[in-house]
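Visitor: Sequence:
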Amino acid sequence: MARRTVEDYRAPLFIAWQLTNRCQARCLACCEESGPALGWADELSAGQAISLARRIANAGVPYVAFGGGEPLGVPHAWDLFEALASAGTAIKLETDGRFIDDAAADRLAALPVQCVQISVDGASAATHERVRPGGDFKAAVSAIDRLARRGRPAQLVFVPTRHNLGEMKAVYDLAAGLGCEAFVTGPLMRLGRAARDWERLAPSQADWSDAVAELRAHAEARPRDMALSIYPWDIMTELTTRLASPQAMLLVVPNGLVKLLNALPFAVADLRRDSLAVAWNAYRSAWRSGAVRTFIERCASDPRLLLHANETWSLDRVPIAIAPI
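If you're matching positions, the sequence shown starts at 107 in our numbering and goes up one per residue.
Hints in this document: simulated from the structure, not taken from any laboratory. Don't be surprised by glycine CBs; every beta carbon is placed ideally from N, CA and C. Keep in mind that a hint or two might mislead.
[To be verified] Pair by pair, the computed Cβ-Cβ distance ranges are:
no., residue 1, residue 2, range
1, Glu320, Glu188, 37 to 45 angstroms
2, Arg302, Trp146, 15 to 23 angstroms
3, Asp316, Ile156, 41 to 49 angstroms
4, Ser230, Ser381, 46 to 54 angstroms
[What the hints assert, rightly or not] Simulated pairs of lysine-lysine, DSBU-like, Cα-Cα distance not exceeding 30 angstroms:
no., residue 1, residue 2
5, Lys198, Lys244
6, Lys275, Lys244
7, Lys275, Lys198
With the sequences and hints as input, model every part of the structure.
Guide: Okay, structure coming up:
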């Protein structure tokens, strides 16, 4: 049987929707460079967002993953969840956990939420909040506990840096003790703030490889009541793999623009005016463009170009010469 490609699908299989760029924390490794005062001026209004959610549901998209910034900090987020849930759309939520009190945990437990991922980047409040300035370790751990007690175990996401890599096994044990369904990690991605402070923040390849081997051995020695998920690719492997075989997805950023991938600066449609069908066709076409291929090839030799990831370039307005950074 021939392998299906992105061209075979009449609509995306999932939407990755960044509801806002606003967040209470300023995480050192944030891919999106979010923060307390960093919401975009033109983020979708409640009415625009709810209309888009209904269009996604009507198009039969089976899965929507919400991120940010902090999606639960958006007042109309729950309206979006309800609109999608009523259409049978599955939901994933990426959050820091601070807004998941008892009432929110009850609401999430009642929705068709397939996955809640909560970030915990240290085995102690001191480490977590050093890596995630403005973060709240107690709130994250409490949110995981609340969901587990309601039969909706979360996935704990750990982002490795030089500051916390030595605690990865301890965070794994914390996740297991809290009843998480999975411990999720992977190599630090050279995007956003991590790209800007790469030399001081990123573990060496040898240190990362050693830590992964130790974590796998540590997990094997424990009862297998929690999945271990280690993303295998760094950002350049991700880019070259997606260039050869794009995902059947759309990435929607806070103002409704559609991007190819969070590592690429290209915006190919605007869902404030374009239909999902137009956006889907533009997305598939853009992956075949020379501008995208050239940018990815240049990133391999000059990773500083990844500092442009959070920008939104039109394919017909790609800078001819990108100034040195």
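Visitor: Against each hint, give a clear statement of whether it holds in the structure.
Guide: Checked hints:
no., hint, verdict
1, Glu320 - Glu188: 37 to 45 angstroms, "holds, 43 angstroms"
2, Arg302 - Trp146: 15 to 23 angstroms, "holds, 19 angstroms"
3, Asp316 - Ile156: 41 to 49 angstroms, "holds, 48 angstroms"
4, Ser230 - Ser381: 46 to 54 angstroms, "holds, 49 angstroms"
5, Lys198 - Lys244, "holds, 22 angstroms"
6, Lys275 - Lys244, "holds, 19 angstroms"
7, Lys275 - Lys198, "holds, 25 angstroms"
In summary, the structure agrees with every hint in the numbered list given earlier.
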